[in-house]
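Colleague: Each chain is listed here by its residues.
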Amino acid sequence: MNNQRRMYLRMITQSFWHRLSRVIIASLSIAVGAATLSGLGLVAYTVPAQMTKELRSYGANFVVLPDGSQGLSDEQLSAADAVVGAAALNRAPYQYANLLYNQQALTVMGTILDDALAVRPYWEIDGELPSGADEILIGENVAQLYRFQVGQKVGLTEPTKADGTAKQLTVSGILRTGGAEDDLVVMSLDTLKEFTGGVSEYDIIEYSVDGDGATLNSLVSEINDQDAGMEAEVVRRISQTETGIAHTLQTLIWIVSIIICLLTLISITATLNAVVSERAREIGLKKALGAVAKDVMSEFVGESILLGLIGGAVGVAAGIWIANFISTKAFAVQLDVNWWVVPITLIFSVIIALVGSLVPARRISRINPVDVLGGE
Amino acid sequence: MTQTVTAQQTPGSTLESIYSVQGVSRRYGELAALDNVSLEIGKGEWLSIVGPSGSGKSTLMNILGCMDSPTEGIVLLEGERLDKMGEPELANVRRQKIGLVFQQFHLVQHLSAVENVMLAQYYHSIPDEQEALAALERVGMAQRATHLPRELSGGEQQRVCVARALINHPDVILADEPTGNLDEVNEKIVIDFFHQLHDAGTTLIVVTHDAEVAAQGQRQIILEHGRIAREVTDVASTPTKGKPANGPQS
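These protein sequence lines map, in sequence, to chains A and B. My numbering puts the first residue of the first sequence at -18, with every later residue one more than the last. My numbering puts the first residue of the second sequence at 5, with every later residue one more than the last.
Hints in this document: simulated from the structure, not taken from any laboratory. Where is the CB? At the ideal position from N, CA and C, for every residue including glycine. Please note: incorrect hints may appear among the correct ones.
Label pairs and their computed distance ranges (CB to CB) [as the list claims (entries may be wrong)]:
(1) Ser157/B x Arg(-14)/A: 30 to 36 Å
(2) Ala251/A x Arg234/B: 48 to 54 Å
(3) Glu76/B x Trp235/A: 58 to 64 Å
(4) Gly33/B x Trp321/A: 57 to 63 Å
(5) His229/B x Asn254/A: 17 to 23 Å
(6) Ile236/A x Glu34/B: 33 to 39 Å
(7) Glu135/B x Ile236/A: 54 to 60 Å
(8) Arg(-13)/A x His229/B: 46 to 52 Å
A few chain B residues that don't get close to chain A, going by computed Cβ distances all over 10 Å [claimed, not checked]:
(9) Gln125
(10) Gln147
(11) Asp196
Kindly produce the complete structure, drawing on both the sequences and the hints.
Modeller: Set out below in structure tokens:
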């Protein structure tokens, strides 16, 4: 570092420490702005993402149904998977059938059990998920009606079979959902095939899609436009909740950001104006020693950058804390901090400090040494 | 009518002018702080400018120091017309040719003594701490180099101000009431130092109320109501210390 640059840094740092109270006030102005913006930014962009994950626990937000009386084939399942692609967080196909237990009709849902549990994470199972083709889950209401218990053998029959021989299956768990599944018998697709004769015809495919309303609507159009015997639908109650939260928060952050920017600018400009007034004699002296306005302004800009960095650093730390507080207390979600917020906030703070110093810097150029150094 | 006062020839000096002031006026609306002043100042000369408050001493000083421009007239410094220059050119002349000493010292309060001296180097060329320390050594302030202005007495601050004025080896030292805030001991230190600078060939222009300080110069001009009222070249008749320099007869 050459002597000129070293002296420049020496001057701006010495000036900084000499006016610590002013520096603290100016830094606080920037810190408050930076904290609010970084905090709200994190909330606005992290909470909807977290809420999406949380809302996945309420079930699928996108379904594909057969367009007609025929069920969906494996080919149609693959075609739907291809359209949804990487946006699918989880996917499960379901096939429904009616079986008999002691001549009583039971509705049975066949599915890929691990996938179904991923799409419907709200399932509570007393016992275990079926691990073999001879195990089933019994919905809570069915279990109560027929007094089924975990470990019990249940004989099920396909109603159209002439011989009426029941296949004995073991209850691995009782399923509690508070929903329609409580009235069902749930088994793997392979187990169900043993009753339906090896035909897979899915009645519905459920997807948990990572995306907002626009993404989901686009997927609906894409599948429906294929005219492949499939009809896609968005589960409105889930997707609209997500979109609503994201939209509300993002609108809020824009409004508050603009207000905070203006307030911070006004505050920093007022503080730096006061600093220029306090330092008019020093500025006049420097000009008397041969400095031109540009020299003095470059020192002032250097101090403003330092001010922005300090205010921004304090602000972003406070902002992360605020965002975490708001997320946990107001939205009950754990904040997932995106560390890009740190450089972005620092850059924002420096820009605010620089813009805030424009008006005071213009005053520097107008200071005349004769006016401030006195004389007769 | 323009009144021209010429440079005083001293033993070993020439009549070559460093400053030529020709019919200079400085008006603020209707008020003329300087009114048609003409003056020649020789290279290496020690000129004292005296006069009562409001006589135009500081206005003349500001114009000579390139901090103000006349509303009328011509000012030449080493042949260059200052009255035609804009602010950047005037700032360059201040940097390169002029050292300023103020009554109020005007040290930057958050910089140490040596940093205040380096400040003048910073705007002139390249700061050199060793050179700045040497300048403080010359004024007997090397031991206080790292002290802030508030930790120094008035006399010490003025010596730092003098070190700052001479650090860039200016052609001219302009001093505005340099001893106005000093006690007798410090006044003597500063005046002795001015004598050293003058002996080394530096042009000194000193504005003062103090007759004894004014008498140190080779020549005095007495301003009244913005005009040069008299000129005194007889420096032998030095008035008593502290007596106002109200214009001995030329």
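Colleague: Evaluate each hint against the coordinates.
Modeller: Comparing the hints with the structure gives:
Range check, Ser157/B to Arg(-14)/A: Cβ separation about 33 Å, and the 30 to 36 Å hint holds. In this structure the supplied range 48 to 54 Å holds for Ala251/A paired with Arg234/B, their Cβ-Cβ distance being about 52 Å. In this structure the hint that Glu76/B and Trp235/A lie 58 to 64 Å apart at CB holds, the actual value being about 60 Å. About 59 Å separates the C-beta atoms of Gly33/B and Trp321/A, a value consistent with the hinted range of 57 to 63 Å.
At about 39 Å, the CB distance of His229/B to Asn254/A disagrees with the hint of 17 to 23 Å. Checked against the hint of 33 to 39 Å, the C-beta distance between Ile236/A and Glu34/B comes to roughly 56 Å, which is inconsistent with it. Between Glu135/B and Ile236/A the C-beta distance comes to about 58 Å, which sits within the given range of 54 to 60 Å. Evaluation of the 46 to 52 Å hint for Arg(-13)/A and His229/B yields a pass: the beta carbon distance comes to about 50 Å.
Not every Cβ of chain A is farther than 10 Å from the Cβ of Gln125/B; the closest lies at roughly 8 Å, contradicting the non-interface assignment. The beta carbon of Gln147/B sits about 21 Å from the closest Cβ of chain A, which is more than 10 Å, so the claim that it is off the interface holds. At the 10 Å boundary, the C-beta of Asp196/B stays outside the reach of chain A, the nearest C-beta of that chain being 24 Å off.
The structure shown violates the earlier hints numbered 5, 6, 9.
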